[in-house]
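Engineer: One-letter residues, chain by chain:
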Amino acid sequence: MTRSFSRTTLVAALLGLSALGAAPAFAQDAVISAAKAAGTVGEQADGYLGIKGSVSGDVRSAVDALNIKRRAAYTDLAAKRGVTVQDMAAVTGCQTLASRVSQGQIYRIGAGDWQTKGAGPIALPDYCAAAGQ
Amino acid sequence: MVRAGSGLLLAGMAGGCIQVRAPEKPIEINLNVKIQQEVVVRLQQDAKDLIQNNPELFPQ
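Heads up: the protein sequence lines correspond to chains A and B, in order. Every letter in the first sequence is one number past the one before it in the working numbering, and letter 71, counting from 1, is 71. The working numbering runs 133 ahead of the 1-based position in the second sequence.
Don't read these hints as lab results, they were simulated from the structure. Note that this is a predicted model, so its numbers are computed, not measured. Don't take each hint at face value.
With a straight-line Cα cutoff of 20 Å, these simulated EDC-like cross-link-like pairs (lysine to aspartate or glutamate) come out [as the list claims (entries may be wrong)]:
#  : chain 1 : residue 1 : chain 2 : residue 2
1  : A       : Lys-69    : B       : Asp-182
2  : A       : Lys-69    : A       : Asp-58
3  : A       : Lys-69    : B       : Asp-179
4  : B       : Lys-181   : B       : Glu-171
5  : A       : Lys-52    : B       : Asp-179
6  : B       : Lys-181   : A       : Asp-76
7  : A       : Lys-80    : B       : Glu-171
8  : B       : Lys-181   : A       : Asp-58
9  : A       : Lys-117   : B       : Asp-179
10 : B       : Lys-181   : A       : Asp-126
11 : A       : Lys-69    : B       : Glu-171
12 : A       : Lys-69    : A       : Asp-46
Stretches of chain A that chain B covers, calculated by requiring three or more beta carbons in the stretch to come under 8 Å of a beta carbon on chain B [said to hold, decoys possible]:
#  : segment
13 : 31-45
14 : 60-72
15 : 83-96
Where is the CB? At the ideal position from N, CA and C, for every residue including glycine.
Work the whole structure out from these sequences, hints included.
Structural biologist: Structure (structure tokens):
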């Protein structure tokens, strides 16, 4: 209870900040963390964040902004390694699904339904196994 | 010309052993992404570093 209250307060405070004109990255991250905890935003196997159902404009724009930053990072690395942006993103998706989704958070593999992570590890797509998680 | 060419071709076929190479078959995934195992292995460390060095892009 206390935890979710303080998180909500924090997000409200940060949203206030962004309303003042500054939209610092940490405010976006807080919005996304809160949405992940609420089960409306989750990691996808394609390396990007996805939205489940309908969310507020703040959440949507935070997700869009973060995905754009991710794509820029994937594009950079992909160019260095001579692979497609999609491949770089998907390999990163293996990592995020393997290590950055907490129990109770949602995730999605391919065009499948959103799933909630249980106590065990996520059953990753076959190609992720090559990475020897 | 034609004869010489086909002679060469025949010699090539007779002399060379038939190579059966395992195709590097792309793995079909339900993302509709085709990604090769070799690519996954090669990029894994980059992906890990990316996440570690840019935690703000991967908020939990």
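Engineer: Of all the hints given earlier, name the ones this structure violates by number, lowest first.
Structural biologist: 5, 8, 9 and 11
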